[in-house]
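I would like the entire structure built from these sequences, with the hints used as guidance.
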Amino acid sequence: MDDELKMLEEELGRLRPAAASPELTARIGRNLRPRRRAGVLLSWLALPAAAAAGAALVILAPKPAASAAPSVFKPVAARQVLLSARDEGYVQLGGVPAHRLHATYVDTITWENPAEHASLTWSVPRDQVRVIPASFQ
Amino acid sequence: MEEVPDHDSWKEWFERHGPRLLLYARQCTRSLADAEDIVQDAFVRYWRNQRKLRGEPLPLLVTSVRRAAVDLARRDGRRAVREMRADGQPEESGRMFETPLEGDDRRAAVEAALRRLPEEQREVLALKIWGGLTFEEIGSQLGQSPNTAASRYRYGLEALRRELPVLAVHG
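Here the protein sequences line up with chains F and S, keeping their order.
Quick note on the working numbering: the first sequence kicks off at 1 and runs consecutively.
Quick note on the working numbering: the second sequence kicks off at 1 and runs consecutively.
Bear in mind the hints are in silico, worked out from the structure with no lab data behind them.
Be a bit skeptical, because a hint or two may be false.
Here are the in silico distance ranges between beta carbons for each label pair [stated by the list, open to error]: (1) F:Val72 with S:Asn147: 47 to 53 angstroms; (2) S:Lys52 with F:Trp122: 33 to 39 angstroms; (3) S:Glu15 with F:Glu10: 22 to 28 angstroms; (4) F:Arg33 with S:Arg54: 24 to 30 angstroms; (5) F:Lys74 with S:Glu163: 20 to 26 angstroms; (6) F:Gln80 with S:Arg16: 51 to 57 angstroms; (7) S:Glu15 with F:Lys74: 34 to 40 angstroms; (8) F:Trp111 with S:Pro118: 41 to 47 angstroms; (9) S:Thr99 with F:Val72: 52 to 58 angstroms; (10) F:Lys74 with S:Glu98: 40 to 46 angstroms; (11) S:Gly94 with F:Ala77: 50 to 56 angstroms; (12) F:Arg33 with S:Ser151: 41 to 47 angstroms; (13) F:Leu120 with S:Glu15: 52 to 58 angstroms.
All C-beta atoms, glycine included, are put in the ideal place defined by N, C-alpha and C.
Shown next, in the form of structure tokens:
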């Protein structure tokens, strides 16, 4: 490398890259906040026929991000769990004998917001009573 | 290896190394906003998941920034078109360097000349001069041989000398 090129190299080396903007530093700071549960609300609501009923709402770690994705929650998973089922025998339905079946489920739906890296899970107990007219042959 | 401390000290670390990282990101992107976005993504990912890894952090971050720049270019071609000026040159805003002792005209001339270089020369110059990486490290991070990195560096310097004769003679 000739002297002129070395001088240019030295002069370039004396240039100091510009500092990052305060906005960028602030954005990084928001992103690096410890992930934690922002809040947990658990309130089981009484349902007439259920021993356990209610809703659980869990919001996990909302945080801003640089992504251009719209800030909306979208459902990403749904699950149905059967807690119990029982045969309640025969009942009268408008004077007609019927077979009564009782099942208790918990439905769990999960939403995610990719823009904020947040997720929300909603669990709802559900009672299902089926009354099936009986036919005797 | 530089000791990378825990928890809140990211700010001190970023103040020291962030400008070099941002300068490199600007060589791979079309706008300051894009460069800031990918630096943010790369740095947050590094600080959360990779800072305990062995090795020098800057080359790791360079790789991360470069991948993010490639992803961004693939993902958002429309934005690239929108940011082209009428003369076909990419839209740029914000200075790359602090004002040197030689004055602001000199800085502006260097930045303009740097922007006119091909990207493969710009990024090698940025990593060598302001990033402090060796040709070996640059080649490893950019997926090229050290000789290729050295050649691109020299071509870039020679092109700058043609654009900035006064700077070279009087620097």
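Hint-by-hint comparison with the structure:
no.	hint	in the structure
1	F:Val72 with S:Asn147: 47 to 53 angstroms	50 angstroms, holds
2	S:Lys52 with F:Trp122: 33 to 39 angstroms	36 angstroms, holds
3	S:Glu15 with F:Glu10: 22 to 28 angstroms	25 angstroms, holds
4	F:Arg33 with S:Arg54: 24 to 30 angstroms	27 angstroms, holds
5	F:Lys74 with S:Glu163: 20 to 26 angstroms	50 angstroms, violated
6	F:Gln80 with S:Arg16: 51 to 57 angstroms	53 angstroms, holds
7	S:Glu15 with F:Lys74: 34 to 40 angstroms	37 angstroms, holds
8	F:Trp111 with S:Pro118: 41 to 47 angstroms	46 angstroms, holds
9	S:Thr99 with F:Val72: 52 to 58 angstroms	44 angstroms, violated
10	F:Lys74 with S:Glu98: 40 to 46 angstroms	44 angstroms, holds
11	S:Gly94 with F:Ala77: 50 to 56 angstroms	42 angstroms, violated
12	F:Arg33 with S:Ser151: 41 to 47 angstroms	44 angstroms, holds
13	F:Leu120 with S:Glu15: 52 to 58 angstroms	36 angstroms, violated
Checked against the numbered hints above, the structure violates hints 5, 9, 11 and 13; every other hint is satisfied.
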